[in-house]
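Q: Sequence:
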Amino acid sequence: MSQSDSVSADTAARKTTTTLGRRFFSTGRVWHRRAALVISLPLLITIITGLLLIARGDFEWVQPKTRTGSVALSSPLFTHEALLTKLKALPEAGVKSWKDVGSVIFNPGKGVYQVRLKNDFEFQFDASNGDLLHHQFRLSGVLQKFHEGDFFHPVVRKAVFLPSGLILLTLWLSGLYLFFFPKFQKANKKANPKSA
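Residues 1 to 196 (this note's numbering) are what the sequence shown spells out, left to right.
Just to be clear, a hint being listed does not mean it is correct.
[Claimed, not checked] Lysine-lysine pairs mimicking DSS-like chemistry, simulated, CA-CA at most 30 angstroms apart:
# : residue 1 : residue 2
1 : Lys-88    : Lys-158
2 : Lys-96    : Lys-86
3 : Lys-189   : Lys-145
4 : Lys-190   : Lys-99
5 : Lys-110   : Lys-145
6 : Lys-65    : Lys-88
In short, the hints are calculated from the structure, not lab data.
Remember, predicted model here, so these are calculated numbers, not experimental data.
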């Protein structure tokens with residue numbers, strides 16, 4: 001094999017590689033744009049609800065601030081049974097049994113019970129005497145359901161929001177490639193002017 005044959009074979013291989021790289025690069029851009037369009041709505045919901053969840057402590061309309069009871073307690077003086085009776089007596093709570101209650105949190109430092117209902121309302125009671133301190137709709141629970149896709153249907157979480165997250169990860173990776181690959185090629189051509 002002569003030197004000219006070797007050079008022409010090397011040049012042909014370089015041209016083939018360059019052609020394949022350009023084809024992949026242009027196809028990658030097309031798929032990158034299409035995938036971004038497909039996930040735009042789930043991504044918008046995820047971004048907006050994520051921002052609100054991050055700032056939920058700053059906005060009382062998202063998550064109510066915890067009130068303070070009359071005294072700080074090491075253990076509650078007001079029992080769970082009395083708490084359920086109080087909840088049943090409040091028409092705005094709409095509680096018939098413990099099945100309507102999502103969680104009960106006792107905060108000893110503030111001497112307060114935080115009762116979160118399954119309908120996303122929160123009631124705060126003084127743990128020493130059972131007085132109602134505050135009640136409000138808890139938007140952060142709804143935002144979390146939106147953020148995860150559970151608000152629409154449990155299947156939507158796995159069928160739309162999970163794939164959207166995976167596509168977003170792919171877009172991020174392909175975006176890095178589409179951004180850095182031309183810079184790498186340009187730097188490579190400057191370093192090896194013979195291969196251009």
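Q: All hints, please: hold or fail.
A: Hints, verified against the model:
1. With a C-alpha separation of about 37 angstroms, the suggested pair Lys-88 and Lys-158 falls outside the 30 angstroms cut-off, and the hint is violated.
2. At roughly 11 angstroms between alpha-carbon atoms, Lys-96 and Lys-86 fall within 30 angstroms of each other, so this suggested pair holds.
3. For the given pair, Lys-189 sits about 51 angstroms from Lys-145 by alpha-carbon distance, which is inconsistent with the 30 angstroms threshold.
4. For a cut-off of 30 angstroms, the pair hint linking Lys-190 to Lys-99 is broken: about 71 angstroms separates their Cα positions.
5. For a cut-off of 30 angstroms, the pair hint linking Lys-110 to Lys-145 stands: about 28 angstroms separates their Cα positions.
6. The straight-line distance between the Cα atoms of Lys-65 and Lys-88 is roughly 23 angstroms, inside the 30 angstroms bound, and the hint therefore holds.
Of the numbered hints stated above, those contradicted by the structure are hints 1, 3 and 4, listed in ascending order.
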